[in-house]
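Next come the chains, spelled out residue by residue.
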Amino acid sequence: MAITSIKNLKEFSTNNDRFEGAHTLCPGCAHSMIVRELMNCTDDNLVISANTGCLEVSTAVYPFTSWDTSWIHIGFENAATSVTAAQVMHSVRKKKGTLKDNDAPVKFVAFGGDGSTFDIGFQWLSGAMERGHDFTYICLDNENYANTGGQRSSATPIGATTSTAQAGTHSYGKKEKKKDIVAIMAAHGAPYVAQLAPNKWKSMAKGFQKALETEGPCFINTVSPCCTEWKFDPKDTIGITDLATDSLMFPIYEIIDGHELNILYRPKNLLKVEDYLGAQGRYKHLFKPENKHVIEKIQSDIDKNWEMLQRREEARI
Amino acid sequence: MAVKYDLNEREVWDGNFAASQALRQAQVDVVVAYPITPSTPIVENYGSYVANGYIDGEFVMVESEHAAMSGCIGASAAGGRVSTATSSQGFALMAEVLYQASGMRLPIVLNVVNRALASPLNVRGDHADMYLGRDSGWIQMGAFNAQEAYDLALCAFKIAENHDVRLPVMVHQDGFITSHTAQNVYPMTDEAAINFVGEIDPVDDMLDFSRPVTYGAQTEEDWHFEHKAKQHKALMDSRPIIDEVYEEFAKLTGRKYNRVESYNMEDAEVVIVGLGTTVETARVAAEQLREEEGIKAGVVAIRCFRPFPFEDVRDALEGAKAVAVTDRSSPGGAMGAFFNEVSAALYTTESRPLVTNFIYGLGGRDFSIDEAKRIFKEQKAHADAGHITTDIQQFSGLRGPHLGYFQTKRG
Numbered sequence: 000m001a002i003t004s005i006k007n008l009k010e011f012s013t014n015n016d017r018f019e020g021a022h023t024l025c026p027g028c029a030h031s032m033i034v035r036e037l038m039n040c041t042d043d044n045l046v047i048s049a050n051t052g053c054l055e056v057s058t059a060v061y062p063f064t065s066w067d068t069s070w071i072h073i074g075f076e077n078a079a080t081s082v083t084a085a086q087v088m089h090s091v092r093k094k095k096g097t098l099k100d101n102d103a104p105v106k107f108v109a110f111g112g113d114g115s116t117f118d119i120g121f122q123w124l125s126g127a128m129e130r131g132h133d134f135t136y137i138c139l140d141n142e143n144y145a146n147t148g149g150q151r152s153s154a155t156p157i158g159a160t161t162s163t164a165q166a167g168t169h170s171y172g173k174k175e176k177k178k179d180i181v182a183i184m185a186a187h188g189a190p191y192v193a194q195l196a197p198n199k200w201k202s203m204a205k206g207f208q209k210a211l212e213t214e215g216p217c218f219i220n221t222v223s224p225c226c227t228e229w230k231f232d233p234k235d236t237i238g239i240t241d242l243a244t245d246s247l248m249f250p251i252y253e254i255i256d257g258h259e260l261n262i263l264y265r266p267k268n269l270l271k272v273e274d275y276l277g278a279q280g281r282y283k284h285l286f287k288p289e290n291k292h293v294i295e296k297i298q299s300d301i302d303k304n305w306e307m308l309q310r311r312e313e314a315r316i
Numbered sequence: 000m001a002v003k004y005d006l007n008e009r010e011v012w013d014g015n016f017a018a019s020q021a022l023r024q025a026q027v028d029v030v031v032a033y034p035i036t037p038s039t040p041i042v043e044n045y046g047s048y049v050a051n052g053y054i055d056g057e058f059v060m061v062e063s064e065h066a067a068m069s070g071c072i073g074a075s076a077a078g079g080r081v082s083t084a085t086s087s088q089g090f091a092l093m094a095e096v097l098y099q100a101s102g103m104r105l106p107i108v109l110n111v112v113n114r115a116l117a118s119p120l121n122v123r124g125d126h127a128d129m130y131l132g133r134d135s136g137w138i139q140m141g142a143f144n145a146q147e148a149y150d151l152a153l154c155a156f157k158i159a160e161n162h163d164v165r166l167p168v169m170v171h172q173d174g175f176i177t178s179h180t181a182q183n184v185y186p187m188t189d190e191a192a193i194n195f196v197g198e199i200d201p202v203d204d205m206l207d208f209s210r211p212v213t214y215g216a217q218t219e220e221d222w223h224f225e226h227k228a229k230q231h232k233a234l235m236d237s238r239p240i241i242d243e244v245y246e247e248f249a250k251l252t253g254r255k256y257n258r259v260e261s262y263n264m265e266d267a268e269v270v271i272v273g274l275g276t277t278v279e280t281a282r283v284a285a286e287q288l289r290e291e292e293g294i295k296a297g298v299v300a301i302r303c304f305r306p307f308p309f310e311d312v313r314d315a316l317e318g319a320k321a322v323a324v325t326d327r328s329s330p331g332g333a334m335g336a337f338f339n340e341v342s343a344a345l346y347t348t349e350s351r352p353l354v355t356n357f358i359y360g361l362g363g364r365d366f367s368i369d370e371a372k373r374i375f376k377e378q379k380a381h382a383d384a385g386h387i388t389t390d391i392q393q394f395s396g397l398r399g400p401h402l403g404y405f406q407t408k409r410g
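Read top to bottom, the protein sequences are chains A and V.
Be aware that the first sequence starts at 0, since it is given in numbering that gives the first Met the number 0, and climbs by one per residue.
Be aware that the second sequence starts at 0, since it is given in numbering that gives the first Met the number 0, and climbs by one per residue.
No lab work stands behind these hints: they were computed from the structure.
Keep in mind that this is a model prediction, so the values were computed, not measured.
Heads up, the beta-carbon is just placed ideally off N, CA and C, and yes, glycines get one too.
Fair warning: there could be bad hints in the mix.
As the list claims (entries may be wrong) - Quick list of simulated restraints, FRET-style, between CB atoms:
id, chain 1, residue 1, chain 2, residue 2, range
1, V, ASP200, A, LEU8, 40 to 46 Å
2, A, GLY20, V, TYR4, 51 to 57 Å
3, A, LYS176, V, TYR4, 53 to 59 Å
4, V, THR218, A, PHE286, 32 to 38 Å
5, A, PRO266, V, ALA117, 53 to 59 Å
6, V, LYS232, A, THR213, 54 to 60 Å
7, V, THR218, A, LYS93, 30 to 36 Å
8, V, THR218, A, LYS201, 37 to 43 Å
9, A, THR168, V, ASN339, 32 to 38 Å
10, A, SER125, V, GLY318, 56 to 62 Å
11, V, HIS162, A, LEU8, 44 to 50 Å
12, A, LEU270, V, VAL202, 50 to 56 Å
Said to hold, decoys possible - Listed next, the in silico BS3-like pairs over lysine-lysine satisfying Cα-Cα at most 25 Å (straight line):
id, chain 1, residue 1, chain 2, residue 2
13, V, LYS3, A, LYS95
14, A, LYS106, A, LYS94
15, V, LYS3, A, LYS93
16, V, LYS229, V, LYS295
17, V, LYS3, A, LYS94
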């Protein structure tokens, strides 16, 4: 694979401009940063699919497109299926010699939000991972159905308020814990699975490159802070992401071949989760005295998860 | 290079095997599928052709029919020849993506082995799944026996991939009655078949990196209407191209298809309109009634359900006196869809034959020659009286008391 140099952010950010800035994502949305990093980290041709969601509705509104590469969107649930079937067709046509350019290097990538990845498209993703196609699936995890106005998803953390899991006089918001999608994908035996964040741009770019270089189905969950539904100032996107990674709400790690876990980022100054929660409107109600136990629960879950990740890393199994 | 498959001039194949041989001869690049009775053998056979080197393609077994059609869309957008098969609930699960396939103008060929829709669960043949697809923007053609399932599948690729058509095509056959009944089939040679179908020349190939394409964009009130209108126009404009492909096929095989088939219609006064295996039954009944009772009975069969052959149906039927339109699908609180469409065509004629509607054969209930004869005789009674003498809609072959609706205001 033609790897792009990732020494310098300024140079990296202007490489391979295949994703147009003229899209209609919200100002401050992290989606475009993540997509741009993926597209800049390789010089290979790309066939990209997207599930229905914020990214899709904001980048391909006829007669415009933000994608200077092959791109397909079918429905809410099937980006993993469409891009892997395209990959199968590529292998058949390469064998038969019917491609326009038989030697052109190409990578197949699917994007989905957490709604399509964790929920409505979960079966299609699982099927594609099980079949072992050579592709990379990237989840843009903003922890809610942002495109339809902020409903709960199974990626929404406990305690967050959403329009369908509301905080109120008798409720502290969502009652259920976030689904551990990274563990589920690793359990498929995928050769490369990771959780990455756009504030750690270099580790994210390296993770993307690793996924693209690895033969077989790779999965990456990326945290994509949503200023609109998380309720923070659009200029603070990367700052919020810093709080997410430094409080370990979003630990950055990879799992190779379903078992070899490597932590990719260890915060020097570990923050309490209050710092992360307090910076967002969606958690505001948790700071009322009656909801204090929810913050304690979130902190305790983070601590246990970090302990588990470290022990798995040490064990090398 | 694919291993040579030995064929006899005459084979004994069922409808499923016949369709799968068409897929092999058309050298389909990718089949993405999920099995469902009674269509399963079509994709199983394709898989065995891949496994034994009879075809240089790939068989992708996915986790649902929705994924199967989603995969067909991705593979087709990637520029190769694509096909799959399904039935019934599988067809229903595909419904969302059927509309996406036609909206993206992808030349996918779907073999539909018709089966009833639950509930109650039923694996036998009726046309409920076919009717579910009727507004999906696909070309829909009906095979009435195994030979036709083979012939029409070959024609389907040539029609779908024509640059003036660029629409997906369904080839329907009746579950079990056609799909699982072994009959004589005369295949083309592999060379003749691929020469007829030709190589695919993809439009908007996702794997042509010199010209990036965006598939599946969004349009709202500013452009959606224009896109759907263009799609409708493409369907309407496909009619002469379908005719040309049928003509070319006839030159090679002697087997001539028409979007509307007419049998004994030169002087027919009473007619059954239908499709599927019903047509052969009705044809036998018509012959017998002509011989036994001198009733001038004829049969009109809809070969091409979509685009609906409005003018051809009208031309075929306007000389008739009484017409029974048969719908093998539960009408769900209305007249049968087929009845409505045929009636609309006949309303624009001077003669306006008497038209009645028969709901029959649901869930694989047998449609017999005697039943067809009874329907013809009822039409004769209408014709003699000069008006409809029964309910306009009747359930035929139903157990228990008569079920019928609506009376005529004419006569």
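Status of each hint after checking the structure:
no. : hint                            : result
1   : ASP200/V - LEU8/A: 40 to 46 Å   : 44 Å, holds
2   : GLY20/A - TYR4/V: 51 to 57 Å    : 54 Å, holds
3   : LYS176/A - TYR4/V: 53 to 59 Å   : 56 Å, holds
4   : THR218/V - PHE286/A: 32 to 38 Å : 44 Å, violated
5   : PRO266/A - ALA117/V: 53 to 59 Å : 55 Å, holds
6   : LYS232/V - THR213/A: 54 to 60 Å : 46 Å, violated
7   : THR218/V - LYS93/A: 30 to 36 Å  : 34 Å, holds
8   : THR218/V - LYS201/A: 37 to 43 Å : 39 Å, holds
9   : THR168/A - ASN339/V: 32 to 38 Å : 55 Å, violated
10  : SER125/A - GLY318/V: 56 to 62 Å : 59 Å, holds
11  : HIS162/V - LEU8/A: 44 to 50 Å   : 46 Å, holds
12  : LEU270/A - VAL202/V: 50 to 56 Å : 54 Å, holds
13  : LYS3/V - LYS95/A                : 17 Å, holds
14  : LYS106/A - LYS94/A              : 17 Å, holds
15  : LYS3/V - LYS93/A                : 22 Å, holds
16  : LYS229/V - LYS295/V             : 43 Å, violated
17  : LYS3/V - LYS94/A                : 18 Å, holds
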